[in-house]
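> Spelled out from the first residue to the last, the chains are:
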Amino acid sequence: MAEVLVYVDHVDGAVRKPTLELLTLARRIGEPVALALGPGAENTAAALAEHGAVKVLTHDASEYADYLVVPKVDALQAAVESVSPAAVLVPSSAEGKEIAARLALRIGSGVITDATDLEAGDEGPVATQSVFAASFTTKTRVSKGTPVITVKPNSAAVEAAPAAGVVEALAVTFSAQATGTRVTGRTPRESTGRPELTEAAIVVSGGRGVNGAENFGLIEALADSLGAAVGASRAAVDAGWYPHTNQVGQTGKSVSPQLYIANGISGAIQHRAGMQTSKTIVAVNKDAEAPIFDLVDYGVVGDLFDVVPQLTEEINARKG
Amino acid sequence: MSLRIVVTVKYVPDATGDRHFADDLTVDRDDVDGLLSELDEYAVEQALQISENADDDVEITVLTVGPEDAKDALRKALSMGADKAIHVEDDDLHGTDVIGTSLVLAKAIEKAGYDLVISGMASTDGTAGVIPALLAERLGVPQVTLLSEVSVEDGAVKGRRDGDAASEQLEASLPAVVSVTDQSGEARYPSFKGIMAAKKKPVQSWDLSDLDIEAEEVGLEGSWTAVDSAAARPARTAGTIVKDEGEGGKQLAEFLASQKFV
Ligand SMILES: Cc1cc2nc3c(=O)[nH]c(=O)nc-3n(C[C@H](O)[C@H](O)[C@H](O)COP(=O)(O)OP(=O)(O)OC[C@H]3O[C@@H](n4cnc5c(N)ncnc54)[C@H](O)[C@@H]3O)c2cc1C
Ligand SMILES: Cc1cc2nc3c(=O)[nH]c(=O)nc-3n(C[C@H](O)[C@H](O)[C@H](O)COP(=O)(O)OP(=O)(O)OC[C@H]3O[C@@H](n4cnc5c(N)ncnc54)[C@H](O)[C@@H]3O)c2cc1C
Numbered sequence: 001m002a003e004v005l006v007y008v009d010h011v012d013g014a015v016r017k018p019t020l021e022l023l024t025l026a027r028r029i030g031e032p033v034a035l036a037l038g039p040g041a042e043n044t045a046a047a048l049a050e051h052g053a054v055k056v057l058t059h060d061a062s063e064y065a066d067y068l069v070v071p072k073v074d075a076l077q078a079a080v081e082s083v084s085p086a087a088v089l090v091p092s093s094a095e096g097k098e099i100a101a102r103l104a105l106r107i108g109s110g111v112i113t114d115a116t117d118l119e120a121g122d123e124g125p126v127a128t129q130s131v132f133a134a135s136f137t138t139k140t141r142v143s144k145g146t147p148v149i150t151v152k153p154n155s156a157a158v159e160a161a162p163a164a165g166v167v168e169a170l171a172v173t174f175s176a177q178a179t180g181t182r183v184t185g186r187t188p189r190e191s192t193g194r195p196e197l198t199e200a201a202i203v204v205s206g207g208r209g210v211n212g213a214e215n216f217g218l219i220e221a222l223a224d225s226l227g228a229a230v231g232a233s234r235a236a237v238d239a240g241w242y243p244h245t246n247q248v249g250q251t252g253k254s255v256s257p258q259l260y261i262a263n264g265i266s267g268a269i270q271h272r273a274g275m276q277t278s279k280t281i282v283a284v285n286k287d288a289e290a291p292i293f294d295l296v297d298y299g300v301v302g303d304l305f306d307v308v309p310q311l312t313e314e315i316n317a318r319k320g
Numbered sequence: 001m002s003l004r005i006v007v008t009v010k011y012v013p014d015a016t017g018d019r020h021f022a023d024d025l026t027v028d029r030d031d032v033d034g035l036l037s038e039l040d041e042y043a044v045e046q047a048l049q050i051s052e053n054a055d056d057d058v059e060i061t062v063l064t065v066g067p068e069d070a071k072d073a074l075r076k077a078l079s080m081g082a083d084k085a086i087h088v089e090d091d092d093l094h095g096t097d098v099i100g101t102s103l104v105l106a107k108a109i110e111k112a113g114y115d116l117v118i119s120g121m122a123s124t125d126g127t128a129g130v131i132p133a134l135l136a137e138r139l140g141v142p143q144v145t146l147l148s149e150v151s152v153e154d155g156a157v158k159g160r161r162d163g164d165a166a167s168e169q170l171e172a173s174l175p176a177v178v179s180v181t182d183q184s185g186e187a188r189y190p191s192f193k194g195i196m197a198a199k200k201k202p203v204q205s206w207d208l209s210d211l212d213i214e215a216e217e218v219g220l221e222g223s224w225t226a227v228d229s230a231a232a233r234p235a236r237t238a239g240t241i242v243k244d245e246g247e248g249g250k251q252l253a254e255f256l257a258s259q260k261f262v
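The listed protein sequences derive, respectively, from chains A and B. Counting from 1, position 95 in the first sequence corresponds to residue 95 in my numbering; the numbering is continuous, with no gaps. Counting from 1, position 179 in the second sequence corresponds to residue 179 in my numbering; the numbering is continuous, with no gaps.
There could be a bad hint or two in this list.
Unchecked claim - Below are the PhoX-like pairs computed for lysine-lysine, each with C-alpha atoms no more than 25 Å apart in a straight line:
#1 Lys107(B) with Lys144(A)
#2 Lys84(B) with Lys201(B)
#3 Lys71(B) with Lys111(B)
#4 Lys84(B) with Lys199(B)
#5 Lys260(B) with Lys279(A)
#6 Lys71(B) with Lys199(B)
#7 Lys319(A) with Lys250(B)
#8 Lys319(A) with Lys260(B)
#9 Lys250(B) with Lys279(A)
#10 Lys71(B) with Lys200(B)
#11 Lys17(A) with Lys279(A)
#12 Lys243(B) with Lys279(A)
#13 Lys17(A) with Lys84(B)
#14 Lys243(B) with Lys286(A)
#15 Lys279(A) with Lys319(A)
#16 Lys250(B) with Lys286(A)
#17 Lys139(A) with Lys279(A)
#18 Lys111(B) with Lys201(B)
#19 Lys84(B) with Lys107(B)
#20 Lys71(B) with Lys107(B)
#21 Lys193(B) with Lys71(B)
#22 Lys71(B) with Lys201(B)
#23 Lys111(B) with Lys200(B)
#24 Lys200(B) with Lys84(B)
#25 Lys243(B) with Lys260(B)
#26 Lys84(B) with Lys111(B)
#27 Lys250(B) with Lys260(B)
As the list claims (entries may be wrong) - A few chain A residues that face chain B, going by a derived Cβ cut-off under 10 Å, partial list only:
#28 Glu98
#29 Ser130
#30 Lys286
What the hints contain is simulated information worked out from the structure, not anything from laboratory work. Even for Gly, the Cβ is constructed at its ideal location relative to N, Cα and C.
Can you make the complete structure from the sequences, with help from the hints?
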């Protein structure tokens, strides 16, 4: 069977969920071979093998942390040359898309970004994309070269499928461009202990209606009662009430959880672009005419300062 | 010394309008209003600020690849304060994908001459967010992308990239390709004076032959990707909407429990 190269997103050896989803999708079109880079790369092998990786290519060098993007492209290109895969799958993060695009150009291939599903087709893998703020669904193929496809988080249910997961060291020679952009400083984000926004099964968001940073405590309390991630509209972020990393929408994160709860958010097209594919949508808004109500499975027209605390209390009570 | 900045700007269908596909599964541009992609306004703004903070002469050229109407996007950028514009237009460009678009943009940038390229973080129609990285790869210069803060000094560009895991400080020497996010600072509105001045600014038109690109390298035929189908997402079935009369939170909890979320 043809091999499919999967680029691994991991933190010090801990594999992130979108990569396990990629392995599940990769098995529909071939045998997954994984590429893990940087510190802890070898420690990813067990998790990757459990989800179907027949082989795990690894490489560590300081270049991956010290310079932007290009060293990772060099490594992925080396992996493509060693494996000759039928397709290359990369998680659709901002960096993942940049890596995928540069690789595609180098190997003379087309690139598809932000796929939400993937299946085998007569002329190679067929990707589903959700476009124009999720108002259209397209099916797209790469028609020249080795398909390079980036896939959004939450695009497939993770399935275990134990495979050999043989670890092999990859030889990488860095290109002249690799050291072009230096990372001169890095401030890591503090963990909130809540689930990762793009990977969470439930997202609870607040918008301008939350009316102040101090009131986001209400949104966080609701999120915690459900084990959810916290999101925010751009209006809330621009006002400085919540960090930009939590912004949901066109220029923030795009999320596709089982449940999305929008509080004090009107539902502008740019916000919808980031949450419209959520399975179940719920909104609390005091304006019955707010466009967000066009999207909801369940909506409450009311003041969030009354509804949200009551909801949180009720959920906590039901959990006993 | 002088600094030559090329800002890439895309003409896109209005996101608040009714965007859809034409019969050949490319974006329908005939039936919808277009405008300068809002995220490219941030790129123009940063070019103007770099110019205002520079001791050297700075020349800002805005560049678009698109149909006749794309001139509107150039006019808007010129009225914000850019100095001149280049419009690459050719019937054979219809249906070009990201790889092809990056080829055309890179050739035009090289022909125009540049020290710094500034792009938006993503277009508001294709939203791939990959053109800046592709331009850096093609031009063989550093990519300093997704910046929420950018400055140019002594032949180097510096910026801040806010990622998921960390916020990074980046630095590269010129020439380079930069892209900026909508966190980089509000874009200015064109003044009346700016709009009047824009009418007199030069707009050059180039076609594929001016850039030594063969028709087969671009367009639908030359595309590295193929769209097989495009379907409007089915309308969501109308949900239940209740008015809070004191029990709204409890009713919502009941709904969530019925859906097994609690
Ligand atoms: C290029 C571009 C990119 C953008 N990207 C994004 C993006 O990624 N994400 C994003 O969200 N936006 C984005 N926007 C902004 C977007 O257009 C809207 O301005 C924004 O989403 C509005 O946020 P909001 O819904 O919180 O605020 P508003 O539209 O002001 O809505 C606030 C809502 O809260 C309700 N409300 C007020 N008080 C209460 C209360 N006490 N109880 C209940 N309800 C209450 C009001 O009825 C109203 O419906 C972008 C815009 C542009 C131009
Ligand atoms: C819904 C949709 C989905 C698509 N999916 C794919 C896909 O998966 N693969 C693929 O190869 N192509 C795809 N395309 C085609 C692709 O979007 C176009 O080729 C486009 O011109 C370049 O990509 P982008 O608009 O996504 O740009 P992005 O990479 O999002 O744009 C980033 C920046 O590049 C600059 N830029 C982009 N285009 C131009 C231009 N024409 N003129 C001047 N500056 C520009 C702007 O500064 C912009 O802010 C898609 C198009 C649509 C409408």
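> Against which earlier hints does the structure fall short, listed by number upward?
Hint check: 13 fails alone, others pass.
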